[in-house]
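Novice: What follows is the residue order along each chain.
Number of protein chains: 2
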Amino acid sequence: MEDHVTPRRVVIIGGGFAGLFAARALRHAPAAVTVIDRRAHHLFQPLLYQCASGILSEGQIAQPLRGVLRRHHNVDCLLAEATDVDPQAKVVHAQRPGGEPLEVPYDDLIVAVGMRQSYFGHDEYAAHAPGMKTLDDALGIRRRLYQAFEMAETATDPEERRQWLTFALVGGGPTGVELAGQIREIAGHTLDREFRAIDSAQARVLLFEGSDAVLGAFGPHLADRAARTLRNLGVEMHLGTMVTGVDADGLTVKDRNGASTRFPARTVLWTAGVEAPPIAAALARATGASQDRAGRIAVEPDLTLAGHPDIRVTGDVMSLDRLPGLAEVAMQSGAYAGRAVRHSIEGRKRKPKPFKYVDLGSAAYICRGRAVVKVGRIHLSGRTGWLAWLLIHLAFLTGFRSRFGAVLSWAVVFASGSRRERAFTMPDPPAPPVPPAGPKPSAPSS
Amino acid sequence: MEDHVTPRRVVIIGGGFAGLFAARALRHAPAAVTVIDRRAHHLFQPLLYQCASGILSEGQIAQPLRGVLRRHHNVDCLLAEATDVDPQAKVVHAQRPGGEPLEVPYDDLIVAVGMRQSYFGHDEYAAHAPGMKTLDDALGIRRRLYQAFEMAETATDPEERRQWLTFALVGGGPTGVELAGQIREIAGHTLDREFRAIDSAQARVLLFEGSDAVLGAFGPHLADRAARTLRNLGVEMHLGTMVTGVDADGLTVKDRNGASTRFPARTVLWTAGVEAPPIAAALARATGASQDRAGRIAVEPDLTLAGHPDIRVTGDVMSLDRLPGLAEVAMQSGAYAGRAVRHSIEGRKRKPKPFKYVDLGSAAYICRGRAVVKVGRIHLSGRTGWLAWLLIHLAFLTGFRSRFGAVLSWAVVFASGSRRERAFTMPDPPAPPVPPAGPKPSAPSS
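Protein chains in written order, with full-length UniProt numbering: chain A, 1 to 446; chain B, 1 to 446.
Keep in mind that the hints were calculated from the coordinates and are not lab data. Don't take every hint at face value.
To be verified - Derived DEER-like restraints, expressed as beta-carbon distance ranges:
hint, chain 1, residue 1, chain 2, residue 2, range
1, A, L390, B, D212, 53 to 61 angstroms
2, B, T384, A, R71, 31 to 39 angstroms
3, A, L391, B, D136, 33 to 41 angstroms
As the list claims (entries may be wrong) - Here are some of the chain B residues that sit facing chain A, going by a computed Cβ distance under 10 angstroms:
hint, residue
4, G54
5, A62
6, Q63
7, C77
8, G98
9, T134
10, Y146
11, E150
12, L191
13, D192
14, E194
15, F195
16, A197
17, R419
18, M426
19, P427
Claimed, not checked - Computed from the model, here is a short list of chain B residues facing chain A with C-beta under 10 angstroms:
hint, residue
20, S57
21, Q60
22, I61
23, L78
24, P97
25, M151
26, A155
27, A423
28, F424
Everything numeric in this text was worked out from a predicted model, so none of it was measured. The C-beta atom is built at its ideal place from N, Cα and C for all residues, glycine as well.
Next up, chain A with everything else stripped away, as it sits in the complex:
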């Protein structure tokens, strides 16, 4: 007779790097694992900017979550948005698309909800300056980028044309730098000789950053190299500036001396900050956990919440030792939390060692053949950095069937500058007004 033990119910909120690695660590555990995510796919977020700029397709950076976990027979995926946690009843409250409520009971909870774009209290900027966190964001930015050149081509007013050919990026972190490089490359190479009325290469790219350096997290040496590469590309950097206003026609910034400057630009993209999604505040309320200014949840050294050994927080939304919001931190903390739950299910008595992040380095792609990579004390830039970037991304794309496709797309864009995924969606505009009155010879018959 078989021994039917009810398996431990492990609920993971979020199917990003942290959630995925937690689920994988539980593969052979006697647990019933449920991954709840608002989207049905796992997104390879570090390459999202390449989807936005037309190098990669959605399928090359996003895989169906249940496809990725297909062979994990103890894992179940739910397309729903977690809205609250009840730590007494041990239930996650969630909503299916459309709004119907779901209740998902758990024995162990792993929170891996990530962070979303923050406008530092100015959510009204979002309509004019989209962020880049989701596939929808990336496709929206793709439309804005390529449509801006189309609009410049048909503009009759020279000032309007200049505004369409000006792209402003707020935030000098990896995403802002990567987008700046992409836009200059699109303008100078991809669109070369395609337009008649405009010279796409004249497009201005403005990069605004509040601190004194772009890519400050890479240290002064690489930051300098990156700044030089960007300048050579034609990116205009405005360091030490704070955005004080964004509208459909441009943005206003204030420098360190308090002087305000207006920059007309029809395309403004926002990569400046992150904040925790609402579920983080709900969890903090329910458990008494504290949050940092951006809403990250403070965790114990073993990633549990104080007083709640059954709740672990991992990835970007976890606040621990000021660890940065990197894919690698998310993977390692997710895997740690998954293993910890497995050990607890297996009845290991020994207290787990505290989570320790092993810095495997970070990388930012600037343009064709140029990247900066920092691995411990090793600093690479230029072509060497780019080769390292390529190897790192090939290694991390392992397991993705699209690795081959990505390499092909990179080869094409590197060799010729042309991009395979430039087609942008364009929802139908509102019905056109009645055509202008004029001489109409005769009525048609049918």
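Could you slot chain B onto chain A? The hints should help.
Specialist: Just chain B, lined up with the frame of chain A:
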């Protein structure tokens, strides 16, 4: 001293097959060609269903129009929607995205605007039964298809679950048949073993067709073969039915005897009919041309409008000898019109021969390894048909950089059933309601 002659201004409305082939035929003509299109890309429409079903990416079926025409130095592309034609002033009225008007003067006009989905006077069906004519349509259908399985997985009510697992297709032409085959393959192969609560293979696919046969245009022999293949795939065909109502939960059809039947289904897709876009009616009003019931514009044997030798109508929106709305007809008529304009510019006096369509055959893909192909008297089906389909599409994708990528995607889906482009976009839902009240231990600090 050079001889500066003002080149003839040729305006082409529409960048589909007809417009593209017209522009290409004018490549070496002393003409200034302007292609006006509402979208910035040329769409390989015959494969749109493969984008909707997750085999191909947008970039594999849609290329930027100005990229395709990059080397045609006399061609200019405008992203705008043509709204009216003034044949006296020889001006096309158009709107840029956003609504500002544009006026584009012409000496010769080629109209290649194609057809759009028709609901036969029931436009209210469109919200519940999207058509498939644009990239946005295809991505919307991709979301509906894959999300339906996700919704079925989380449904607690068995009746709701059955409705999510029922897919209704209205229209038994190539697009309807191709979609029916795709959905059965997704359900049976692609999603195999990915869901826990549902068996995706149980998904029902209903195909409604008003006439007595699916793929009637292929003749009784191939129509029979196609119907048999579809039945073997598990598609339920309802021939001789007329749709009398569509809502969010299903559709109602009437059979030949007038009996009404209700079919619950949360996904209804519409491929049943086409109609001319508003610009066709505007053109007919302005020129006195007659339109057929679907709004196609009647043309002379040389594709000009009666009394307007400077206006030519080509492609799907042209009404001539009951030619079908096939890509091949669009290509040939577009090329014919472009050549005719070139000959006229070159001053050839001889009246051109009437346009004659050379039937190069038609093809419909049913499922992996099964297609029907009709070339004159040659009828192919099954695996032979599929091989012919493959060769035809490889030939027609020539010139598309993505041919290699498409072949790769086909190889993957054929060998393993897995699809590389399953990721679907999902616009943010409205903000969730306030979480349910419950015991909240203490307030967070920050």
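Novice: Starting from the hint list further up, note which numbers the structure goes against and sort them upward.
Specialist: none
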